[in-house]
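Peer 1: Take a look at the letters that make up each chain.
Protein chains: 2
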Amino acid sequence: MKSKKLSIFLLGPGNVGKELLKLIIENKLTLEQNYDLDIRITGIFNSKYGINNKEGIHPDQVNNICSGLTLTSDTITSDNLPNLISHNPKPSILIDTTSSPVSFDILLTALKSGSFVVLSNKRPLASSYSVFHKLHSYGLNRIFYETTVGAGLPVIRTVNTFMETGDEILEIKGCFSGTLGFIFSSLEDGMPFSKCVEQAKKMGYTESDPREDLSGQDVARKIIILSRMIGMEIEMEDIEVQKLYPSSFDKYTVKEFMGVISKLDKKYQEKFQKANKRNNTFRYVAKVSKKGCTIKMTEAAKNSDLGNLSGPDNIIIFKTKRYFDRPLVIKGPGAGPIVTAAGVFDDIISIIKIIHGV
Amino acid sequence: MKSKKLSIFLLGPGNVGKELLKLIIENKLTLEQNYDLDIRITGIFNSKYGINNKEGIHPDQVNNICSGLTLTSDTITSDNLPNLISHNPKPSILIDTTSSPVSFDILLTALKSGSFVVLSNKRPLASSYSVFHKLHSYGLNRIFYETTVGAGLPVIRTVNTFMETGDEILEIKGCFSGTLGFIFSSLEDGMPFSKCVEQAKKMGYTESDPREDLSGQDVARKIIILSRMIGMEIEMEDIEVQKLYPSSFDKYTVKEFMGVISKLDKKYQEKFQKANKRNNTFRYVAKVSKKGCTIKMTEAAKNSDLGNLSGPDNIIIFKTKRYFDRPLVIKGPGAGPIVTAAGVFDDIISIIKIIHGV
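Chains as they are written, first to last, in full-length UniProt numbering: chain E, 1 to 358; chain A, 1 to 358.
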């Protein structure tokens, strides 16, 4: 006889969501035994359709979704989603692996009704400060979002550890975009800027409009989350973000944009060549401190932590009161559905430990 | 009215223990409010003496210990320690910040009586496999030891995350000794081996007998903990450890040893010079994989993660099924009382979250 029934409700069975469902299914039995739980997936929704069952969705249906079958109109629509979520049997975890800018209300409904929330979706936390604050107002350890910065790399929990143990974070510095890491590594190898962007686009590293990455917007969303975690009441417009292309290119369609970027090739080539003569290179570096946030192309010595970075790796360098002379550094791939799903799953395990109690 | 009284019992009010007591006192009120707890320090013991009070030791007494007053024979002796610990009011955390090789029985008493255990003391976990196994047999999340490898760096919890989320660790590789990191950095800069060791000893980086470090024993203790965490039933004699001095030097006193190590200067100088010509350097690298464990001087490209290391920093490189093409890397100072105490305190907070439950 299991002591507690844990309901799991998923928004966004996309690349990350499907990998996550697989992980939950694979590890369900072990978790149930270790933590004396009965784990049920009670809802799976995308923006249009969903399936829902308070007693747990049949494993065959979950497997169908994992193996690529999409939700169809045979299943119920998302109209009464807030209602379903607030009546999801407790204890309950709502997971948002969408990239929706409008999931805020649903997350709030979940928190209000006593659910835990796990996000890989950066947007709710990166919108206005008041939204960030509101999502954190339902008590300690109710909302988890390890994968919003650096995917599965232990970034958010390291920030939390610093804060909870009374350390003071003086500066967080690093490269937070695998896409831009790949482009900068290729520039360093002498590839023209336009070719770097084309290749990154072809390999699926960039968003379908590469300006989403090249404008620094994706990095800015991560930086604003870190800034707010260390207590800054900051809005997007407070961050100084350098675009990697002239604003005059904003008016173009994606196709037109891809046509004109070769105009930037010479400029980038010269910059990297000059830096190379000084045994330096360039990185797209974001910096957070109490003084403010900046995101810009930065020259770095090749044998420094930043300059030594290669390919799509992320690097995060923490300078704190305790890690002052020598920083704490975390490095590795900061994107990808499998490592992201594993990070979300780890957040779920943290919640399970809390639910299990003693 | 607080709902739960949490007792904290400390063995070893030394450098780390005192910093820890300070952290507990500084953060007590916030923790109590956040987690609805009444936190009491109920025992502080060194190997000879101790103070104990089930209702909580008076803050003045704790402050006296923090500010350097040692425990004296005015206070009770440690003879009935197991008895005190097993009757320590629950929930209770026993903390071992000693470097005692014989605290195992006391830890076991604590676990048996329902306490949680936190260690920065490597020795109980690094003794026989059966002891390691026994300490883990009292249930999940009952024993925490983040600081036994890499001090405050998030090493142990990263291993736990891999294991719990169903990843497979293929290799853990790195430099786990700040002392040897310092010595190898100095060798790289051209300093003679004997001078490096002398300076490291003078700066308090080495144990009073530097052979404790130079024999690789300190690294081996960390490696055996990591190996066992990933499921290897390994004993110390199974690890291939390279000493940094000839075994014939083992017979000397410390003073004699310090007198003869200049005999090794030329050998080390030549090794580093040759490597330098290949744009390489040497590191003292430990490697763990299912195939076995090795700890030895290893040549590394200067622009690699290992070769790029400097000073007393530790580096830990995880290659797993998910982090296969590009590893997850953690780097930073892996020793020091303040970061170690903070790591122990973070383990305590993890336990408090579990005790708090929902």
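Watch out, some of these pointers could steer you wrong.
Chain copies aren't distinguished; within one or between two, either way the pair holds.
[Claimed, not checked] Dumping the calculated BS3-like pairs for lysine-lysine here, alpha-carbon to alpha-carbon at most 27 Å:
| no. | residue 1 | residue 2 |
| --- | --- | --- |
| 1 | K5 | K202 |
| 2 | K112 | K202 |
| 3 | K319 | K22 |
| 4 | K90 | K202 |
| 5 | K28 | K319 |
| 6 | K267 | K277 |
| 7 | K5 | K277 |
| 8 | K202 | K321 |
| 9 | K54 | K201 |
Since the hints were made in silico from the structure, they are not lab data.
Peer 1: Run every hint past the structure and note whether it holds.
Peer 2: Hints, verified against the model:
1. K5 with K202: Classified as neither: same-chain Cα gap 45 Å, cross-chain 59 Å, threshold 27 Å.
2. K112 with K202: Result: close neither inside a copy nor across copies, 43 Å intra and 59 Å inter.
3. K319 with K22: between (37 Å within a copy, 22 Å between copies)
4. K90 with K202: neither (44 Å within a copy, 59 Å between copies)
5. K28 with K319: Between copies only: 25 Å across, 38 Å inside.
6. K267 with K277: Within one copy, since 16 Å is at most 27 Å while 35 Å is not.
7. K5 with K277: neither (63 Å within a copy, 64 Å between copies)
8. K202 with K321: Between copies only: 25 Å across, 43 Å inside.
9. K54 with K201: So K54 and K201 fail the 27 Å test inside a copy (42 Å) and across (65 Å) alike.
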